[in-house]
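Colleague: Line by line, the protein sequences give chains A and B.
Quick note, in the working numbering, the first sequence goes up one by one and the last residue is 114.
Quick note, in the working numbering, the second sequence goes up one by one and the last residue is 113.
It is possible that part of the hints are untrue.
To be verified - Here are the computed lysine-lysine pairs in the DSS-like style, where the Cα-Cα straight-line distance is at most 30 Å:
1) B:K83 - A:K3
2) A:K57 - B:K44
3) B:K71 - A:K3
4) A:K55 - B:K83
5) B:K44 - A:K59
6) B:K44 - B:K83
7) B:K15 - A:K63
8) B:K83 - A:K71
9) A:K17 - A:K71
10) B:K44 - A:K3
11) B:K11 - B:K78
12) A:K71 - B:K62
13) B:K62 - B:K44
14) B:K44 - B:K78
15) B:K83 - B:K15
Treat the hints as calculated values from the structure; they're not laboratory data.
Note that the structure is a prediction, hence the values are computed from the model and not measured.
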Amino acid sequence: SQKIEQNSEALNIQEGKTATLTCNYTNYSPAYLQWYRQDPGRGPVFLLLIRENEKEKRKERLKVTFDTTLKQSLFHITASQPADSATYLCALDPFSGGYNKLIFGAGTRLAVHP
Amino acid sequence: EAGVAQSPRYKIIEKRQSVAFWCNPISGHATLYWYQQILGQGPKLLIQFQNNGVVDDSQLPKDRFSAERLKGVDSTLKIQPAKLEDSAVYLCASSDNSGNTIYFGEGSWLTVV
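Use the sequences and the hints to build the structure in full.
Modeller: This is the structure:
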């Protein structure tokens with residue numbers, strides 16, 4: 001069956017360290033993968049998109065990798081800050097039906113402690 | 001630029017009652033989505049519109065949920081009759097023709113008691 005898996009346990013790290021979140025998928029061949037941030041009581045906010053022919057993408061303190069062989073994406077936040085505490089969702093487009101469609105993982109909650 | 005607007009933000013109803021949620025997407029966005037997010041889970045796509053036509057409603061429980069997007073702009077999502085398991089946040093989102101980035105509203109929180 002098709003699955004998108006993210007660590008269900010919260011990730012607790014110390015301020016200043018690098019946070020690494022994992023997204024694994026099964027039985028999809030996505031053309032691209034996205035990461036979103038969701039704060040409590042708010043809608044998800046787009047952070048980064050990485051395409052299947054890109055190995056790595058960076059934006060300020062954020063870095064995303066995409067390994068289509070391992071069927072895995074890693075999301076890194078360097079020099080983490082308490083303000084980075086949120087739930088991070090990965091999403092992919094299964095590229096079916098001729099239209100863009102996003103399927104989301106359950107998300108991983110990140111807590112950055114001062 | 002105004003974001004995706006949703007209302008109401010919060011709604012509490014009894015089971016078997018009906019409820020409607022309204023969404024106004026970002027101006028010019030052709031694609032509109034309704035997602036359901038149950039606590040602790042990721043958003044699940046219920047229905048996707050391209051202009052005023054439905055492109056995907058495969059996960060919409062059509063016996064109780066309905067949605068429309070008249071004139072290709074605003075949209076309403078209705079639940080009738082509601083069940084306890086419909087308690088969730090209903091997220092509306094929109095995207096432009098590239099469809100690569102989805103912009104979400106703040107969501108409508110539904111509690112069915």
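Colleague: Give a verdict on every hint.
Modeller: Comparing the hints with the structure gives:
1. B:K83 - A:K3: holds (27 Å)
2. A:K57 - B:K44: Given pair K57 of chain A, K44 of chain B holds - Cα atoms ~26 Å apart, limit 30 Å.
3. B:K71 - A:K3: Violated, at roughly 35 Å.
4. A:K55 - B:K83: Given pair K55 of chain A, K83 of chain B is violated - Cα atoms ~44 Å apart, limit 30 Å.
5. B:K44 - A:K59: holds (27 Å)
6. B:K44 - B:K83: Holds, at roughly 17 Å.
7. B:K15 - A:K63: Status violated; Cα separation ~45 Å.
8. B:K83 - A:K71: Cα-Cα ~37 Å, so violated.
9. A:K17 - A:K71: Since the Cα atoms of K17 of chain A and K71 of chain A sit roughly 26 Å apart, the hinted pair holds (cutoff 30 Å).
10. B:K44 - A:K3: holds (13 Å)
11. B:K11 - B:K78: holds (13 Å)
12. A:K71 - B:K62: violated (33 Å)
13. B:K62 - B:K44: holds (15 Å)
14. B:K44 - B:K78: Measuring from Cα to Cα gives roughly 16 Å; hence the hint holds.
15. B:K83 - B:K15: holds (5 Å)
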